[in-house]
Structure formats: structure tokens, C-alpha cells
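Asks: Sequence:
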Amino acid sequence: MSDLAHYLRISNLLAGNLDIHSALSSVKTEIEKIIEFDHLDVCLIDTDKRWATAYEVGVETAWSKMRSHVRKAPIRDILLGKTDHLLTGNALEDPRFLFPGAVSAPIIDHELRSRVSVGMKVLGEVVGSLNCSSKKEGFYDQSHLEQMRILADMLAPYFYALRANEKANKEAIIRAEILAREEGLRLGALSLTDALEAERQRIGMDLHDQTLADLTRIARDLRPGLSEAQYLRLQQQVQNMIQGLRDIIDTSIPSILDLFGFHHAVQTHLERAVSYDSAMRFKVDDQTDGAIDLLPETTRIAVFRICQEAINNAVLHSNASLVSVLITKSPDDCLTIRVSDNGNFQPHPRKPSSGLEHMKTRARLIGAKYDLSTSDGTQITIQLHQATRQQGETINENIAG
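Per the numbering used here, the very first residue in the sequence shown carries number 432; after that it's consecutive.
Hints listed in this document are in silico derivations from the structure and should not be mistaken for laboratory results. A portion of the hints provided could be inaccurate.
[As the list claims (entries may be wrong)] List of simulated lysine-lysine pairs, DSSO-like, C-alpha gap at most 27 Å:
(1) Lys601 / Lys496
(2) Lys800 / Lys714
(3) Lys503 / Lys480
(4) Lys552 / Lys459
(5) Lys598 / Lys503
(6) Lys552 / Lys601
(7) Lys601 / Lys480
(8) Lys459 / Lys496
(9) Lys552 / Lys598
(10) Lys552 / Lys480
(11) Lys480 / Lys513
(12) Lys503 / Lys567
(13) Lys496 / Lys598
(14) Lys800 / Lys601
Remember, predicted model here, so these are calculated numbers, not experimental data.
Required output: the full structure, derived from the provided sequences and hints.
Replies: Okay, structure coming up:
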């Protein structure tokens, strides 16, 4: 079969492929009938003109596993437009391929000695390079170069179109993910708003059933001529009412958080959550020297609320003997808050807990990453990166609190 017939078959085989690697794989056999190779790749320049991505068949190398900077590519002279081809009998000794900083490890590791590379152009602009390699020294010559030119001219427009389609698909996926996140955040915020309204109603009922009842009783008992015993009893009722009000306030506004900081507030909540006669142990370990207290107020309150809910779940539902809260900070300034227990809590797979959903929503509202693991006890992890921590400044304080 003549080379022309192989070229025609290549055109036919390209049709119907929707991604670059599949297209290259489909024509591999026909290209081998025109020019022998141990490794063949198409290297395409990214839209930013600074990076290049390789798609390969034959020997599998590191080139296709990561993008390379154009100026560090062994074929940089082609990608930068300095030449339209590179031909070498032994790339292992050719400084055009082995220069300081070059991404040439695959050439050395796989002994790709002979190489012929040709620029791929669309509308006169270099969009990439078609590259053939053989382990045999001095294998390619001028005739192979001409064959590669024909192949490059044939493949360039098709691969360029596939690359544009691939980019459009990725952008469409990103847009869809953004819309899904926004919708999820809207629904989560709506659910959280409902929960906050329920909390306000609960506070109102507490004030009505407890504080108002106490005041009514005190007003009824308050009269001239009280004995000392009656006065002391009335004084104790007032003290009890004040303590009841403090309890209501503490459940609605984390005043301890403002006065004494995150570590103390979490420690205090643990002490209150775990009953005095319980064998459950607990600990709080802040390895960040109080970094959470430097966060915007709404972010700090949201993190505290998440910890509150996680601690309550552990105490009430996990049958755990140990609950711990760990705060760490990575070298890249990522804050991690992890509430863990050694219990056996398992969330319902089809009906997630409203508490878990509210924790997730609170995390998303402050731009934090939320993770729940139940493989070995329960671990609820929140991560706040430097870039997202300032989001707390723009969130309505009512949402965080």
C-alpha cells in the first residue's frame, strides 16, 4: 500500500474521535506504516502560550503525566517559533535536547536516541509539535522529515479543533459545577435560616416559660414585711433566674468565645456537654497559638458553632469514651480544626442529619472545606485556607451565629 493510501486511512480514522488521546491512538498503526517509531507524541501549546501538554503512544513516559513549561521542553525551539523542525541521530548527546533545566528525563530513561520533530501550524501560527523517536541511533533522515511534515499538516487542524472542544467542555463543566454549588449554597442557607428561626422561637419559649414565670412568681411573693427566711428564699429565686438567663444567652451568643477565646470556649462547651457522672474523657489541643481568634468575628463564630454541633453529636449519639478537638496550621497557612471521637456513630445514608447539613452549610458559607469520616470513630474536619478566610468578613453575622 502506498503512503498516499495510508494518509487517506489516517483521515478516515480521525473522524469520530472526540478526544486527542483517542484520536492519536486510532491512527498509531497507520503512522507506523509510514514511519517507524518507538515513541510518538503530539505536544500542544496551552492557550496561555507558557505551558505545553503532551499526548503520546508507544513507550509511555512522564511527558504525558504533567504539563511542561514551553521554555523547558526539549522541542522548545519549535514551540517558540525559532525553527520548524528538529532532526537528530542521537538526542542523548545533542545539546538542543539536553540543556540545563530541560524536561529531558524521558529521553534519557527510555534511550530515545533518534528524534524527528516538526512544528504543527494552524493559520500560520505554531500550535504544537509532532514528534517521533527511535531507540536506534541515526535512524531518521531527511526523507523521514518530509513524511513528518505531511503528517503534521494533516493532523494539526484536527488536533487543534479537538483541543478547542476539550477546553470548551472543561469550561462548561466548571460553569455547571459553579451553578450547582450556588444552588446548594442557596438551599443550605435557606435550611440554616429556617433553623435559626426555630432557634429564635425556642429562645422566645424559654423566656416565656422560664424567665417570665420566675418574674411572675417573684412579683407575687414580693411584699412588705418579709421575714428573713422569705427574703433569703426570694433572693435565691432571683439568683436562679439570673443563672437561667445566662444559660439562655450562652446558648444563643458565644460570649465566652469573645471574652476568653476559642480554646476556652470549646473547653467550656465540652465540660457542659459531658455530664459530671459520665466516664467520657475529652481534650482540646490548639497547636496554633490561638490563630482562630485572629479570624474575622463571623468566621470564628461559624467555626465555633460547627464545633458545638460536632461535640453535641459525639456526646449524644456516638457512645464514645473520648472526644477531642485538635487545631493545627500547615506551613502554607491552612487552618485545620478536627473534632473526633472513638465512638460508633453512623449517619443515615439516605436521610442526612439536619445537624450535619447545617455544619456543612456553615463551612461553605465561610469558604471552608468540610469533611466527615466515620471509618474509625467519627472525624469532622474543617479547613480554612488563607485565600478563603477573609470571606467571613462579608457574611451576615446572623448566618454565622
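Asks: Against this structure, judge whether each hint is valid.
Replies: Right, here's what the structure says about each hint:
no.	hint	in the structure
1	Lys601 / Lys496	holds (18 Å)
2	Lys800 / Lys714	holds (23 Å)
3	Lys503 / Lys480	holds (13 Å)
4	Lys552 / Lys459	holds (20 Å)
5	Lys598 / Lys503	holds (23 Å)
6	Lys552 / Lys601	holds (24 Å)
7	Lys601 / Lys480	holds (18 Å)
8	Lys459 / Lys496	holds (19 Å)
9	Lys552 / Lys598	holds (19 Å)
10	Lys552 / Lys480	holds (14 Å)
11	Lys480 / Lys513	holds (15 Å)
12	Lys503 / Lys567	holds (25 Å)
13	Lys496 / Lys598	holds (18 Å)
14	Lys800 / Lys601	holds (23 Å)
Of the numbered hints given earlier, the model fails none.
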